[in-house]
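J.: Quick mapping for you: the protein sequence lines, in order, are chains A and B. Numbering of the first sequence is given in our numbering, commencing with residue 1 and proceeding in unit increments. Numbering of the second sequence is given in our numbering, commencing with residue 1 and proceeding in unit increments.
Don't take each hint at face value.
[As the list claims (entries may be wrong)] Derived list of chain B stretches under chain A, where covered just means 3 residues or more per stretch with a C-beta under 8 angstroms from a C-beta of chain A:
| # | region |
| --- | --- |
| 1 | 145-152 |
| 2 | 198-207 |
| 3 | 219-233 |
Just so you know, the hints here were simulated from the structure itself, not pulled from any lab data. Even glycine gets a Cβ: it sits at the ideal position worked out from N, Cα and C.
Listed here are the chains, written in short residue letters.
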Amino acid sequence: MPATTMSKAEREQGHARVFDLSEHSLRELNQALHKLAPGSNETAWEVLNPKGSHSVAVGVDQPVTIDVRGSVGYYCAGMNDGAAITVHGSAGPGVGENMMSGSIVIKGDASQYAGATGRGGLLVIEGNASSRCGISMKGIDIVVHGNIGHMSAFMAQSGNLVVLGDAGDALGDSIYEARLFVRGKVESLGADCIAKEMRPEHIELLQGLLDKAGVTGVKASEFKRYGSARKLYNFNIDNADAY
Amino acid sequence: MTYRNPPTTPRKSATFDDYTLSEIRRAAATGIYDIRGAGAKRKLPHFDDLLFLGASISRYPLEGYRERCDTSVVLGSRHARKPIELKIPITIAGMSFGSLSGPAKEALGRGATLSGTSTTTGDGGMTEEERGHSKTLVYQYLPSRYGMNPRDLRRADAIEVVVGQGAKPGGGGMLLGQKISDRVAEMRTLPKGIDQRSASRHPDWTGPDDLEIKILELREITDWEKPIYVKVGGARPYYDTALAVKAGADVVVVDGMQGGTAATQEVFIENVGQPTLACIRPAVQALQDLGMHRKVQLIVSGGIRNGADVAKALALGVDAVSIGTAALVALGDNDPRWEAEYNALGTTAGAYDDWHEGRDPAGITTQDPELMKRVDPIAAGRRLANYLKVMTLEAQTIARACGKNSLHNLEPEDLVALSIEAAAMAGVPLAGTNWIPGKTGF
Numbered sequence: 001m002p003a004t005t006m007s008k009a010e011r012e013q014g015h016a017r018v019f020d021l022s023e024h025s026l027r028e029l030n031q032a033l034h035k036l037a038p039g040s041n042e043t044a045w046e047v048l049n050p051k052g053s054h055s056v057a058v059g060v061d062q063p064v065t066i067d068v069r070g071s072v073g074y075y076c077a078g079m080n081d082g083a084a085i086t087v088h089g090s091a092g093p094g095v096g097e098n099m100m101s102g103s104i105v106i107k108g109d110a111s112q113y114a115g116a117t118g119r120g121g122l123l124v125i126e127g128n129a130s131s132r133c134g135i136s137m138k139g140i141d142i143v144v145h146g147n148i149g150h151m152s153a154f155m156a157q158s159g160n161l162v163v164l165g166d167a168g169d170a171l172g173d174s175i176y177e178a179r180l181f182v183r184g185k186v187e188s189l190g191a192d193c194i195a196k197e198m199r200p201e202h203i204e205l206l207q208g209l210l211d212k213a214g215v216t217g218v219k220a221s222e223f224k225r226y227g228s229a230r231k232l233y234n235f236n237i238d239n240a241d242a243y
Numbered sequence: 001m002t003y004r005n006p007p008t009t010p011r012k013s014a015t016f017d018d019y020t021l022s023e024i025r026r027a028a029a030t031g032i033y034d035i036r037g038a039g040a041k042r043k044l045p046h047f048d049d050l051l052f053l054g055a056s057i058s059r060y061p062l063e064g065y066r067e068r069c070d071t072s073v074v075l076g077s078r079h080a081r082k083p084i085e086l087k088i089p090i091t092i093a094g095m096s097f098g099s100l101s102g103p104a105k106e107a108l109g110r111g112a113t114l115s116g117t118s119t120t121t122g123d124g125g126m127t128e129e130e131r132g133h134s135k136t137l138v139y140q141y142l143p144s145r146y147g148m149n150p151r152d153l154r155r156a157d158a159i160e161v162v163v164g165q166g167a168k169p170g171g172g173g174m175l176l177g178q179k180i181s182d183r184v185a186e187m188r189t190l191p192k193g194i195d196q197r198s199a200s201r202h203p204d205w206t207g208p209d210d211l212e213i214k215i216l217e218l219r220e221i222t223d224w225e226k227p228i229y230v231k232v233g234g235a236r237p238y239y240d241t242a243l244a245v246k247a248g249a250d251v252v253v254v255d256g257m258q259g260g261t262a263a264t265q266e267v268f269i270e271n272v273g274q275p276t277l278a279c280i281r282p283a284v285q286a287l288q289d290l291g292m293h294r295k296v297q298l299i300v301s302g303g304i305r306n307g308a309d310v311a312k313a314l315a316l317g318v319d320a321v322s323i324g325t326a327a328l329v330a331l332g333d334n335d336p337r338w339e340a341e342y343n344a345l346g347t348t349a350g351a352y353d354d355w356h357e358g359r360d361p362a363g364i365t366t367q368d369p370e371l372m373k374r375v376d377p378i379a380a381g382r383r384l385a386n387y388l389k390v391m392t393l394e395a396q397t398i399a400r401a402c403g404k405n406s407l408h409n410l411e412p413e414d415l416v417a418l419s420i421e422a423a424a425m426a427g428v429p430l431a432g433t434n435w436i437p438g439k440t441g442f
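Start from the sequences, fold in the hints, and give me the full structure.
T.: In structure tokens form, the structure reads like this:
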């Protein structure tokens, strides 16, 4: 492990390992996280002074908790596989991209491509998310408390995107089998994305996601479901105008 | 006796030739563009338009079977803690599992490993067949991210961020439903039997500044161990190379329009991008202008067929070449032994390019369990290794004749061009003159 001196915050917390990015490099932080062995007792981490750094806590593959105190740049928690990562601030583009498992909570807003290509786990954005939220998602669950921008869930393959607010233009363009739940207004739907019936199994699924994301005071029945019309799954020249 | 005027010979149009007429009829009948595999088939300025000068009074040769001619190359020494060391400067290009059968991917890994070189995954993720049988495996990081996961990223020996490919710069991939077996569908997280459109842009970055940050993320995730390549199609080789270097690439891969694809539109393959020969000098120039030639390695692919092509590419400043189509032919693709079956598909051995249909008689570009049995991965891997050996010996033969004790000592001054076009593209004199179009005189 790179030498990290006990900081005041660490002493105060008693158990969390504190990593101050104003004192140590990003590379030291990520390498320390990657060196964690299964069963390590260093299960709680705190990152101070991220100040918009890119690639904070990327590629973590152990079930540890990481609290990032401040806003981060691109790709925070990228490819997370099992960690519970909380950003106490806002996140730049590509937060949680290609997450495999675990959870990521953004206390503020998230920029473009949040949760892009994610394969599993739960991404919660307590503020708003910008464009292309959940682009090409492949199994991840994303819950956004606020609104999401245009072209969200573009080519989304699998998983669930839940939006408590509104969605921008071209939601779910060229979507495959992902499920989209939006409580507010949808500016427009993209190619091959349609509104679908909320059946009891969807209410149940959505309620479970809301509970997991810590959302209270909101009922699953307030949402509309969107998904693929499956008309563009196999190329047909008569559908060419849809593109 | 009646006099008949002599008839003229029936004359076909050079503009509306037989192929063009057949394509118009096909389009009119089907209402859909033609999709096929492989690279550009039109005649293009190529390595055949270059010749080596060989030794003479001013330059003396090395002894053919006595004096050593080094072929090794190190890739990725700029930033990576574990650069790749290859015995030969010929690598196997990225080709997807899905497009190719499992046995074909295994054969590529076996052949490359026997030859001391690397092979590359493709759009569809890493399979156990190829990881297990490839000593050195380059992992492609593609716009679709099919099958992408950090575990495989860390199991790779290098990472290739694919921005584009020569057959279709600016185009995404396509895998039609008939090739989507259960296994392929699972690896790509999509239902079986549907057409899989691979995106043309990466989902979480656009432009050179973002690419720099993306490369940083990949380096952080892999603890700065792995060389990171950036692959571009032969569109704007000078600027693409310069921007890839600026973004932090260890290796730049430039793929010319003869480079193959699993499937895309014929109109795209034949009309977008530049020939391989036209891409090399601008890419080398970009590296030289940045003071990064030989520090960031350059790999070129697209139409490399023999040791002469390898030697010519290296003489123009390339560090290594990559082969795809030629490797498939070495495995058995388009072999005349299956002629009757090619005929039944309406084609002939040597012309078969409907790789997307999954009915490849040679068992290579298919997911059909019966057809893929035709590829014996051990024997096919051996054939690929033999072919790589021959290419290497050929390149060494030429290098020794030019007085070089390493393939990488070949230089543009060893070459002349047979056509003005090739002279201009390669930046070497037209044979018999000292004229380099665009450089000397006009």
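J.: Run every hint past the structure and note whether it holds.
T.: Each hint tested on the structure:
For the region 145-152 of chain B, the proposed coverage by chain A is satisfied: 5 residues have a C-beta within less than 8 angstroms of a C-beta in that chain, meeting the threshold of three. As drawn, the region 198-207 of chain B meets chain A at 4 residues by the rule of a beta-carbon pair under 8 angstroms; at three or more, the given contact holds. With a cut-off of 8 angstroms between beta carbons, the region 219-233 of chain B has 5 residues touching chain A; three or more are needed, and the interface restraint holds.
Checked against the numbered hints given earlier, this structure breaks none of them.
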